Structure formats: C-alpha cells, structure tokens
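Colleague: What follows is each chain in one-letter form.
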Amino acid sequence: MKVKYLITIMLILIVTGIKAQNIVGEVEYRYRIFYAKIYSSMPYLTQQEKDRIQLSMSNPEGYSTRMKLQFWPEKSRYTFGDPYEVQSYSSQVEYYFIENNLQEQSYLKYMDQMNKTYIVRDSLHAPKWRVMNEIRDILGHMCMKAVSEDNVKGQKITAWFASDIPVSVGPEEQFGLPGLILAYDINDGMLIVEAEKITFGEPKELIPLPKKMKGKEISGASYQTLVKEFIQASIESKAAWMWDMRY
Amino acid sequence: MKLFLPFLLLIAITFSSQAQSKLTIRGSVRDTTNNPLDYTSVLLLSPKDSALVSYTLTNKAGEFLFKNVDRQPLLIKATYMGHIPFQKELVLPESDELVVEDIRLTPILQELYEVVVLAAKAPLMMRGDTLEYDASKFKVPPGATLEDLLRRLPGMQIDVNGNIIAQGQQVQKVTVDGRRFFGGNTKMATQNLNAESISKLQLFDDKSEQAKLTGVEDGVKEKTLNVELKEEAKNGGFGKISAAGGTDGRWSSNGSYNKFDKVNQFSIIGYGNNVNESGLSWEDRQEFRGSGAFQFGDTGDFGFNSDGGYFIFISGEDSEESFEIPFNNLSSGFSNNQAIGINYNHLKDKKDVSGNYFYSRSDQIIENFTSRTNFLQNNSSFASVDQSLQNNIAGNHRANLLFKKELDSANTLTINAKGKLSTLNSSLNSFQELIRSSTEQSQMERDNRSDRWSGSFQGTAIFRHKFEKSGRNFAASISNTYNQADEEGIQKSVVDIVNSTDPTTYFRNLDQLNESFNSSNTIKSSLLFVEPIKKIFFWETFYNFSQSTSEIDRKVFDVETSDIRALNPDLSRFFDNTITYNRVGSSIRYANKGSNLRLSFAAANYSLRGQFSVEKEGQNLGSVDKNYINFTPNLSYLKTMKGNKRLNAGYSMGVTPPNISALQPFKDISNPLYIREGNPDLQPEVTHTLSTGFDMYDPATFVNFNFSLNSIFFESQVVQNQTIDPETLVTTFKSGNVSGGQRYNSYLSFGFPIVKTKVSAYLSANPSYSRNIALINSLETEATTLSQSIGGSLDFTPVDWINLYAGSSFRLSKTTYEQNPSQNQDILNWSAYTNMNLKLPKAFYLDVKFKYNRFENESFGFNQEVPILNAFVYKLLGEAKKWEFRLSAYDIFNQNRTINQFAGQNFVTSGRIETLARYFLFGVTYNMRGVEVKKLR
Chain F
1 MKVKYLITIM LILIVTGIKA QNIVGEVEYR YRIFYAKIYS SMPYLTQQEK
51 DRIQLSMSNP EGYSTRMKLQ FWPEKSRYTF GDPYEVQSYS SQVEYYFIEN
101 NLQEQSYLKY MDQMNKTYIV RDSLHAPKWR VMNEIRDILG HMCMKAVSED
151 NVKGQKITAW FASDIPVSVG PEEQFGLPGL ILAYDINDGM LIVEAEKITF
201 GEPKELIPLP KKMKGKEISG ASYQTLVKEF IQASIESKAA WMWDMRY
Chain Z
1 MKLFLPFLLL IAITFSSQAQ SKLTIRGSVR DTTNNPLDYT SVLLLSPKDS
51 ALVSYTLTNK AGEFLFKNVD RQPLLIKATY MGHIPFQKEL VLPESDELVV
101 EDIRLTPILQ ELYEVVVLAA KAPLMMRGDT LEYDASKFKV PPGATLEDLL
151 RRLPGMQIDV NGNIIAQGQQ VQKVTVDGRR FFGGNTKMAT QNLNAESISK
201 LQLFDDKSEQ AKLTGVEDGV KEKTLNVELK EEAKNGGFGK ISAAGGTDGR
251 WSSNGSYNKF DKVNQFSIIG YGNNVNESGL SWEDRQEFRG SGAFQFGDTG
301 DFGFNSDGGY FIFISGEDSE ESFEIPFNNL SSGFSNNQAI GINYNHLKDK
351 KDVSGNYFYS RSDQIIENFT SRTNFLQNNS SFASVDQSLQ NNIAGNHRAN
401 LLFKKELDSA NTLTINAKGK LSTLNSSLNS FQELIRSSTE QSQMERDNRS
451 DRWSGSFQGT AIFRHKFEKS GRNFAASISN TYNQADEEGI QKSVVDIVNS
501 TDPTTYFRNL DQLNESFNSS NTIKSSLLFV EPIKKIFFWE TFYNFSQSTS
551 EIDRKVFDVE TSDIRALNPD LSRFFDNTIT YNRVGSSIRY ANKGSNLRLS
601 FAAANYSLRG QFSVEKEGQN LGSVDKNYIN FTPNLSYLKT MKGNKRLNAG
651 YSMGVTPPNI SALQPFKDIS NPLYIREGNP DLQPEVTHTL STGFDMYDPA
701 TFVNFNFSLN SIFFESQVVQ NQTIDPETLV TTFKSGNVSG GQRYNSYLSF
751 GFPIVKTKVS AYLSANPSYS RNIALINSLE TEATTLSQSI GGSLDFTPVD
801 WINLYAGSSF RLSKTTYEQN PSQNQDILNW SAYTNMNLKL PKAFYLDVKF
851 KYNRFENESF GFNQEVPILN AFVYKLLGEA KKWEFRLSAY DIFNQNRTIN
901 QFAGQNFVTS GRIETLARYF LFGVTYNMRG VEVKKLR
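For the protein sequence lines, the chains are F and Z, in the order given. Read in our numbering, the first sequence has 221 at position 221, and its numbers run on one by one without any break. Read in our numbering, the second sequence has 559 at position 559, and its numbers run on one by one without any break.
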C-alpha cells in the first residue's frame with residue numbers, strides 16, 4: 001500500500017513536469033559474473049578446494065554480458081543487449097525478460113531457469129533497502145549507496161541509484177529506490193552490474209514482449225519456493241547451483 | 001453486553017492511534033546561497049538501520065511534502081547532484097504536522113569530486129561532516145611509496161621537507177593499523193611504506209598524547225593520518241607434505257606448496273615412491289598449473305581436423321614426443337618413481353607469462369607372460385608363448401614457457417617455447433616359443449639392451465587480430481619443432497629352429513651392436529581469416545603448410561668376436577626424408593539460435609620424398625617420391641536446445657598419407673620372429689566417418705541421458721598384411737591397402753536419482769562392431785568382432801557419513817573368422833566393484849575398495865579371476881584437521897597381476913603382467929589447509 005502511495009506521488013510530481021526529460025530512456029549494463037568467486041563460496045567445499053578453484057579458475061575480468069533496460073515513469077523492460085562480440089558459435093536461445101509495471105504494481109518474468117522456461121507473474125515487492133552514506137559517480141550521475149539482502153540465495157546486495165533520474169526501477173531483479181539503479185554488486189564482487197551507456201528519451205527500438213510465451217506459469221511465491229528447493233538440493237548433492245540459475 | 005466495553009475501548013484506541021500515527025512532513029531545500037533547489041531527492045529513513053521509509057522530490061520552489069507517514073523515529077536525508085548529502089534526525093511533534101527547518105546543501109569541492117569520484121572512481125563516504133575515500137583506487141606505479149600516493153590525493157601536499165600538509169594543516173603523526181609507526185615519525189612512514197600494500201587512509205583530528213595520558217581534555221588536536229594495510233597474501237598459500245612406509249620395503253612420499261595472489265602464482269611439487277604412482281592426480285595437476293590448468297593447447301593449426309572438431313585436446317600420455325607434464329599414467333609392473341616440478345604464472349594487465357619445469361624419473365620392471373595363438377588358413381594354428389622381463393629407466397626434463405599479451409584490444413600475441421630432454425636405458429630378456437605341435441617347436445632367447453638420449457625443442461608464435469567489424473578475425477601462426485635422438489644398443493638372440501631349411505634366412509642367431517642417430521625438423525605455418533555475413537553466417541578461409549625433414553642413421557654391427565665388429569650392410573640404413581604438406585580450404589558456418597552448421601571443403605597436397613642407403617653418403621639403394629592430391633569435404637551440425645539438450649551430427653572424409661617408414665623398401669628384422677617390410681606402392685588411407693549423438697542433463701531432477709553412434713568406412717585402409725612361413729613360422733608384416741573395413745561404436749547411458757540426493761543409478765551400454773580385412777599369405781581374410789557391453793552402478797548416500805558406490809559391467813566380444821570359422825572366439829570380461837566411504841566418530845574414516853574382474857575365453861579354456869581389495873583407515877587430528885594418520889592395505893587377497901586379452905585379425909592373445917602384491921603402508925600427512933576428505937567419484 002505504502003509503495004503504491006509513493007508511486008502515485010512520484011507520478012504526480014513527474015507528470016506535473018519538472019525536468020521531465022530524464023524519466024524515459026534506455027540503459028546498457030555490463031553484467032559481469034565472477035564464477036570462480038561464487039564457486040569457491042559454496043558451503044560444501046573444503047578450504048583446499050576453494051583455494052584450488054581460486055588458483056586455477058579465477059578470471060580477473062569476469063564473464064561479461066551486455067544487458068538492456070528501458071524505463072518510463074510507469075514501467076520498465078529488461079532483457080539481453082547486443083553481444084559484445086559477434087560469435088561464430090551460437091549456443092541455445094535463452095530467454096531472460098522482465099517487465100515491471102509500476103502503475104499496476106505487477107511484474108512479468110519470462111526466463112529460462114533451472115532447465116525450464118518459467119512465466120512468473122505477481123505483484124511487485126521491493127527489496128528492503130537501507131540507504132547508506134556514500135556517493136559515487138556513474139556516467140556523470142551522482143549515485144547514492146543502498147544495501148539489501150536476499151536470504152534465499154544468500155546474497156548481500158549493494159546498489160547505487162541516481163537520485164536525479166527519479167524512476168524507481170533497475171537492472172535484473174533490483175528496483176524500489178528513489179532513483180534509477182545504475183550499478184549493483186553482489187557479495188563484494190561475485191556479480192557486478194554497471195551501466196555503460198544511458199540514452200534519454202523514448203527508445204528508438206522498443207524491447208518487444210516475447211511473442212508466443214511457452215513455459216510454466218507460476219506465481220512469484222511458488223517460484224521462490226522452487227529456487228529455495230533447487231539451491232538446497234544442489235548443495236546437498238554437492239553441485240554448484242549458479243551454473244543453472246541467474247545469480 | 002460483556003463484550004461491548006472492550007469493543008468500544010478497542011475502537012477508541014484504534015481511532016486515537018490512527019489519528020496520531022499518520023504524519024505530514026513538509027519543508028524546503030536550499031543551497032548555501034539560499035536559492036531553492038528543485039528536483040532534489042528527499043528520503044525518510046529509519047535511524048536505527050537506515051531502512052528506506054519514504055521518498056519524494058522537491059518542486060520548483062524547493063519544497064517537499066510527505067503525507068500519511070507512520071509515526072516512528074525518522075531520519076531525513078536530501079541529496080542533490082554535486083552536493084554533500086544532508087541528513088538529520090527528526091524530532092517528532094505532538095501534532096500530526098511537522099515543518100522541517102530549511103535544509104541547506106553544501107557543494108562538494110569541485111577538486112575533490114573530480115579527482116576522487118570521477119578520476120579515481122572511488123566512492124565518497126560521509127562521516128558526519130567529513131568525507132572519506134578509498135585511497136587504494138588511486139593508481140600508483142609499482143614500488144611507489146606512501147609519499148607518492150599522498151601526492152596524488154586531493155587536499156594533501158608534501159612540502160620540501162617531506163612534511164605532510166592536509167587541508168592546510170601539518171600532519172603531526174602517522175599510525176599504521178591504529179598503532180604508532182616509528183614513534184609516529186611521519187617521514188619514516190611515508191618514505192618506507194609501499195603504496196601497493198595500503199588499503200585505506202584515514203585523516204582525523206586526534207587528541208594530543210598528553211590528553212590521552214591524563215584523560216584531561218586539553219583542547220589540542222593533532223592531525224593524524226592512519227594507514228590501513230591490505231589483508232591479502234595472508235590467504236594465498238597452501239601446501240601439504242606426506243610420507244608413508246610399509247611392508248616389503250614399500251614407501252611413498254609427496255609434498256607440494258602453492259602461493260598465489262592476484263598477480264603471481266607459484267607452485268612446487270615433488271613425489272617419490274615405489275608403489276607405481278607416476279604422474280600427478282587431477283587435483284595436483286590443477287594446483288600445480290594454477291591458472292594454466294585450463295589452458296587448452298592452442299597449436300596454431302587452423303581449419304578443420306579430420307574429426308571435424310575444433311578443439312585439439314592434448315592427452316596426458318607420457319609419450320616420447322609429449323612436452324606435457326605426465327598425468328595419472330598408473331602402470332603395472334614394479335616401479336620406483338621420483339619427480340619434482342616448479343611452476344610460476346604471472347598475470348597482469350592482460351599479460352600472461354607462465355613457465356614451468358618438471359623432472360621425472362622412473363625405474364620400472366615389467367614381467368610379462370603373453371600367449372598368442374595364430375591361425376593359418378588351413379584351419380590349423382600355432383601358438384607362441386613369450387616370457388619377458390623388461391627394465392626401463394627413464395628420465396625426463398621438461399620446460400615450458402608461455403607468453404601471452406593483448407597488445408591492444410584488437411591484437412593478441414602468444415609465444416610458446418617447450419623443451420624436453422630424455423634418457424632411456426632399457427633392457428629386455430625374453431624367451432619365446434612357437435608351438436605347432438608337441439614335436440614341432442621353435443625357440444628363441446633374446447637379450448636386448450639400449451641407451452637412448454633425446455632432446456626436443458618447439459617454438460610457436462600465434463598472432464590474432466580482431467578487425468573493427470565485429471566477428472571479422474585474422475590469425476597467423478608459425479612453429480618449429482626440432483628433435484634429435486641418439487641411441488646405442490646391443491641385440492643378442494639365440495634361435496633354435498627345428499624346421500629351418502633355408503640357409504639365406506635372416507632368421508638366425510644374432511649378436512649385434514646398434515647405433516642410431518636421428519634428427520628431424522618440422523616447420524609449420526597456418527593462416528585463418530573469418531568474415532561474418534549478416535551476423536549469422538561466417539565465411540572462413542584457411543591455409544596450412546608444413547614441412548618436415550628427417551634423417552635416420554642406423555648402423556648395425558655384427559659382433560664376430562669379442563672385439564671385432566663388422567658393419568652389417570643388410571641392416572644398416574641411412575634415410576633422408578622430406579614430407580611437405582599444403583592445404584587450402586574454406587568453410588561456411590551458420591550460427592543462429594543454437595544451431596551451428598558448418599560445411600567445409602579443402603584441397604591438400606602431400607609430397608613425400610626420401611632416399612636411403614647403407615650409410616650416409618653411400619650408394620643410393622632406393623628412393624620414394626610420392627605426391628598425393630586430395631579433396632576432402634567436411635560437414636558438421638550441432639544444435640543446443642533448452643533444457644541442456646544437445647544434438648550433433650557430422651560427416652568427414654579423412655586422408656592420411658602413409659608413414660614414410662612403411663613406404664621404404666627395407667626389412668626390419670630386429671625381432672627375428674616378426675619381420676617388418678616396407679611397401680613403396682602404398683596409397684594413403686581414406687576414411688569416411690559419420691557420427692551422431694544426443695545428450696541431455698536436467699539439473700533440477702539430476703536426470704541425464706547420453707547417446708552416440710560413430711561409424712567409420714574405409715575406402716582404402718592401410719593394414720599389415722602377413723606372410724607366415726609354413727616351415728619356420730616366421731611372420732613377415734608388409735603394409736598394404738584394402739577396402740571394405742568398417743567400424744561402428746555406440747554408447748548409451750542413462751543416469752537418474754532413485755531418491756533425490758540419496759540414491760542414484762547409472763546404466764550404460766556400449767555395443768560395437770568392427771570388420772577387419774587383411775591379406776594373410778596373399779589370401780584376403782575377414783574377421784568381424786561384435787561386442788556387447790552393459791553396465792550399471794548405484795551411488796548410495798543415505799546419511800552424511802556413509803557413501804556407498806557399487807557397480808558392475810559385462811562385456812562379451814564375439815570374433816568371427818570368415819575363412820576359419822572353427823577359430824571363432826567368445827571373449828568375456830566381467831567386473832564388479834564396490835567402494836565404501838564411512839565417516840566414523842572422532843574424525844576416523846574408513847574407505848574400502850573392492851574390485852572383481854573375471855576373464856574368460858571358452859575355446860582356450862582360459863578363465864582368470866582377479867579380486868582386488870584395498871582398505872584404508874585414517875584419522876584426522878587437530879582442530880583444523882591439519883594432520884592425518886593413515887593405515888592402508890593394498891591387494892589384501894594377494895593377486896599381484898594384471899590381465900588382458902584380445903582377438904585380432906588372425907590371432908588371439910592373452911597376457912599377464914606381474915605387479916605389486918599385498919602390502920601395507922602407514923603414513924602421516926600434514927596439510928596447511930586442513931586435510932581434504934575425498935568423497936567417492
């Protein structure tokens with residue numbers, strides 16, 4: 001309820017038009033994942049195995065994917081961006097699409113996770129953010145630090161939001177801050193998502209809604225239960241779950 | 001009625017709290033010059049954990065308004081571009097409206113913002129009125145001191161005397177991790193501390209020493225700089241050492257140490273034993289190679305290989321030519337092994353330098369009993385029995401140096417140098433018998449010795465260029481490999497041939513000395529160009545060149561008497577060969593939505609030139625001058641689908657030119673019972689390979705399935721044709737071409753959990769069929785082998801402390817001889833195994849491994865059973881489990897042999913090698929990281 005109020009106030013403010021140019025636009029993010037760090041944090045490994053993984057698999061640059069977010073005051077769409085390099089090898093088509101509708105306070109996720117395609121629809125629940133006393137500049141926007149936690153995946157999330165872009169959205173599953181989230185980090189560098197390019201104004205090419213959505217329809221709560229069970233079963237059978245699920 | 005009063009009360013409470021709980025908060029935000037700041041974010045936070053309660057933006061007049069805010073302790077925070085965020089705790093009024101006094105935002109010093117936030121990309125932290133930042137984000141050259149770092153920080157100055165001036169005031173003392181450093185002498189600290197080891201700098205006003213001592217505040221503040229050092233390098237070292245000794249003089253020891261940080265990786269490893277452990281385990285190898293463990297051998301051979309695959313995997317075999325560090329080559333027999341290795345990797349700024357050196361030595365004794373039955377065309381057969389004792393002492397020095405640098409974002413250069421020096425001293429004593437019947441037998445005793453020394457060097461350079469157009473790539477490579485080998489040996493044999501009537505036969509008693517000096521040099525070069533067409537098509541063009549020249553100088557002397565030697569002109573040979581290979585090809589690739597299709601075509605030209613004489617610069621005895629031109633198509637398809645499913649199919653045509661030694665018209669009689677002869681008319685081997693496969697894995701259910709089928713059709717196959725002398729039973733092998741050979745191999749497996757994470761099962765089947773054709777005494781003979789193999793295993797982990805793994809496999813090979821059906825063979829191999837791993841109380845562990853093998857061949861009445869039982873009890877000691885005491889029992893049933901059996905073109909063999917018998921070891925391990933308890937599988 002409270003969030004809905006906030007949103008309404010925000011929308012009114014925005015619609016009444018103060019510097020309205022930077023509330024619609026497109027952001028390109030670099031999604032950098034550090035598999036060795038994540039892998040070596042698995043609880044079932046011995047210290048020697050952890051050291052061995054760090055020693056032999058560590059990649060200081062991480063593994064990069066370009067992601068794309070389009071935002072409006074009332075909604076956002078997020079999916080893969082153009083690949084950094086044209087690859088002469090094509091791996092399977094993977095879906096990862098998130099639409100957040102701030103007006104109706106609902107979301108739609110269409111994604112390949114845990115070996116299946118899921119269509120998840122539910123109402124938006126923002127993470128519990130705590131706003132910290134740090135500022136950082138990202139692409140000319142002064143960003144404030146906010147932190148939250150994901151207890152299911154065991155993640156400490158550090159996000160940086162631009163208060164001069166007052167749209168309460170962000171990349172991946174992050175949203176609900178007073179400004180656009182331009183960067184976030186999980187567990188001190190296991191995953192780093194950072195904006196590389198912001199283009200304000202109506203996007204030239206809209207991220208299309210997936211055409212024929214084929215997959216398992218499921219509620220947000222049931223999906224969370226699945227994730228929890230998957231992580232538990234993986235850890236019990238000493239398998240690293242991050243290969244099969246978005247971190 | 002009774003309920004009415006509480007109900008009323010409840011309503012009243014709810015109403016009043018309702019009325020009290022909602023607040024309206026208003027106020028305005030201005031800058032230091034009193035101008036209203038519009039578009040400023042104003043946040044309400046909970047003071048205890050900074051949780052976000054509500055937020056809004058100011059309007060044009062700089063005003064903000066929060067409505068319906070829950071009554072709770074609140075912190076207000078305002079942030080505006082380029083200004084220090086302001087925050088303060090609100091004092092909640094009695095009424096439901098709160099007017100916050102004007103919030104004034106101070107601009108951040110432009111210098112600070114530009115230097116810290118923009119240039120160094122370091123976040124600014126607000127601590128009350130002061131700003132803090134992370135000094136480690138400032139780039140300083142390697143070896144720089146704290147003073148160099150301070151010079152770069154905004155608001156800091158170093159004066160001519162080396163004093164630190166911070167925000168206009170002199171810094172009175174420097175502390176390291178909160179402690180005084182060299183009596184607080186600032187210069188001592190700034191000039192001696194390494195900038196790279198610093199993680200954080202804090203500047204604050206500290207109380208004076210006097211105030212600290214007396215506890216009386218004297219109002220004097222000292223500017224203090226605190227330096228925090230990095231934690232790293234404390235974590236990056238690990239190692240272990242272990243030693244064990246046991247019955248029958250068995251011993252084993254090994255040790256390793258690794259130290260690494262983000263830039264440097266250093267490893268040292270060593271082992272020694274007489275329990276047949278030669279080579280590193282997978283884990284040891286990973287630790288030893290560090291970040292190089294998963295580097296695939298980039299050989300610079302571009303284009304497709306005959307399998308259509310793109311990657312070339314280097315097997316861990318410790319072959320004569322391999323430069324690789326030996327990996328898991330557990331052998332039978334008895335051996336005494338030692339090795340030591342050093343590896344160093346340096347990775348920085350997209351530059352990768354790594355080098356390693358590995359020395360291994362093994363002294364191996366192999367006692368072998370082989371019996372072989374050879375079939376003759378008239379439904380008769382003869383048997384040969386070979387008893388041999390071999391002793392090989394091998395030493396290998398290997399060194400490997402890799403340099404890889406991204407010159408810029410478009411160009412990458414890789415340089416790799418490898419070297420190897422080997423020595424091999426071997427001796428072979430063998431007693432061979434040919435048995436046709438109880439009265440017709442030939443016997444030979446051999447005594448061969450040789451000393452060999454060889455050296456190889458390989459240098460490779462690979463250059464890759466990425467064009468501006470994404471996907472357009474160019475690569476070029478050049479490599480040179482040089483080998484040299486020097487061998488000396490003696491060869492003695494004493495033969496007794498009952499039926500020999502031919503006085504000119506080579507097959508006779510021998511007493512010879514051999515000397516050989518071989519050298520070869522190979523130059524290779526490849527070019528590759530890839531052009532993308534519409535992001536989903538790729539056109540690749542490649543060119544490969546290779547030329548190898550080799551010289552083989554083999555001298556054989558007959559020992560007439562103890563000190564007179566005569567060169568044997570029939571056996572001494574000098575070869576001078578040049579093989580040149582040119583290939584040009586092109587492929588079209590289609591890569592889209594998980595489908596990868598590649599259609600390739602190449603034209604190759606082989607030129608084989610060689611000549612031979614008895615001695616170097618002697619009279620030319622014969623020459624080879626062959627030239628082959630081939631066109632080879634290649635097709636491959638790979639589809640990756642949702643749910644970790646992959647489908648692949650491919651066709652390739654392979655053309656392999658004959659080995660030049662098989663072309664030389666020359667007889668090799670080093671084993672007088674089996675003579676090898678070259679064939680100058682030999683044509684290349686031409687094969688057509690079809691393969692297909694499918695696999696899937698579901699990580700959610702742990703179900704996996706795998707299927708593959710490979711088939712090879714020989715258009716022209718190089719086989720060893722045999723001529724068997726009916727009298728002496730001496731076999732002469734001569735390479736020849738036949739067509740019609742076929743091979744099929746398929747594999748099917750299915751793994752699934754019976755109880756998730758507790759019990760899982762794995763079933764597999766591996767049927768195969770092969771049809772081999774060869775000329776035996778000029779008659780075409782055909783042998784087909786149909787093998788059926790099935791297996792199953794069960795992995796059982798009911799609770800955390802029990803792990804049980806059991807399985808069985810069964811293989812029946814039926815070999816059919818078209819021309820000799822009475823010799824048809826049924827070979828049966830059956831094995832069963834079980835492994836158990838128990839974690840007992842008080843850090844005791846028990847591992848039991850049992851393996852049972854059974855070998856059967858009915859037609860020979862061959863039936864061997866080998867049950868091997870190994871058991872280990874160990875205990876971990878110490879809180880961090882750094883010590884392990886282990887009692888091991890190997891081969892408890894005292895079986896001491898390894899068995900093999902095989903049915904070939906016109907023969908069946910079965911062999912037995914003596915190996916380590918029952919022994920016990922007791923050992924101690926110390927592991928810096930705590931001992932790793934290995935789970936099964």
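Rather than coming from a laboratory, the hints here were simulated on the basis of the structure. Since the model is a prediction, treat every value here as computed from it, not as a measurement. Where is the CB? At the ideal position from N, CA and C, for every residue including glycine. A hint or two may mislead.
[Unchecked claim] Output of the computed footprint for chain F on chain Z, the stretches with three or more beta carbons under 8 Å from beta carbons of chain F:
| # | segment |
| --- | --- |
| 1 | 859-870 |
| 2 | 909-919 |
[What the hints assert, rightly or not] Take a look, some chain Z residues computed to stay more than 12 Å from chain F by CB distance:
| # | residue |
| --- | --- |
| 3 | Pro85 |
| 4 | Ile108 |
| 5 | Glu114 |
| 6 | Asp134 |
| 7 | Ser197 |
| 8 | Phe288 |
| 9 | Leu347 |
| 10 | Leu413 |
| 11 | Phe537 |
| 12 | Lys616 |
| 13 | Met641 |
| 14 | His688 |
Colleague: Hint by hint, say whether it matches the structure.
Modeller: Hints versus structure:
Closer than 8 Å: that is the beta-carbon criterion, and the segment 859-870 of chain Z has 0 residues meeting it against chain F, so the requirement of 3 is violated. Given as covered by chain F, the segment 909-919 of chain Z fails the check, having 0 residues with a CB less than 8 Å from a CB of that chain where 3 are the minimum. A beta-carbon of chain F comes within 12 Å of the beta-carbon of Pro85(Z); the shortest separation is about 6 Å. In this structure Ile108(Z) is not separated from chain F by more than 12 Å, as the shortest Cβ-Cβ distance comes to only about 8 Å.
Distance check for Glu114(Z) against chain F: the nearest CB is about 9 Å away, which does not clear 12 Å, and the non-interface claim fails. With a least CB separation of 10 Å from chain F, Asp134(Z) falls inside the 12 Å interface cut-off, contrary to its annotation. Consistency note on Ser197(Z): stated as away from chain F, and its beta-carbon is indeed over 12 Å from all of that chain's, at 19 Å minimum. Under the 12 Å C-beta cut-off, the non-interface status given to Phe288(Z) relative to chain F is violated; the minimum distance is some 9 Å.
The beta carbon of Leu347(Z) is not kept farther than 12 Å from every beta carbon of chain F, the shortest such distance being approximately 7 Å. With a least CB separation of 18 Å from chain F, Leu413(Z) remains clear of the 12 Å interface cut-off, as annotated. With a closest Cβ-Cβ approach of about 9 Å to chain F, Phe537(Z) is found to fall inside the 12 Å limit, against its non-interface label. Chain F leaves Lys616(Z) outside its interface by the beta-carbon criterion, the shortest separation being 49 Å against a cut-off of 12 Å.
A beta-carbon of chain F comes within 12 Å of the beta-carbon of Met641(Z); the shortest separation is about 6 Å. Every Cβ of chain F is farther than 12 Å from the Cβ of His688(Z); the closest lies at roughly 26 Å, confirming the non-interface assignment.
Comparing the model with each numbered hint stated earlier shows that hints 1, 2, 3, 4, 5, 6, 8, 9, 11, 13 do not hold.
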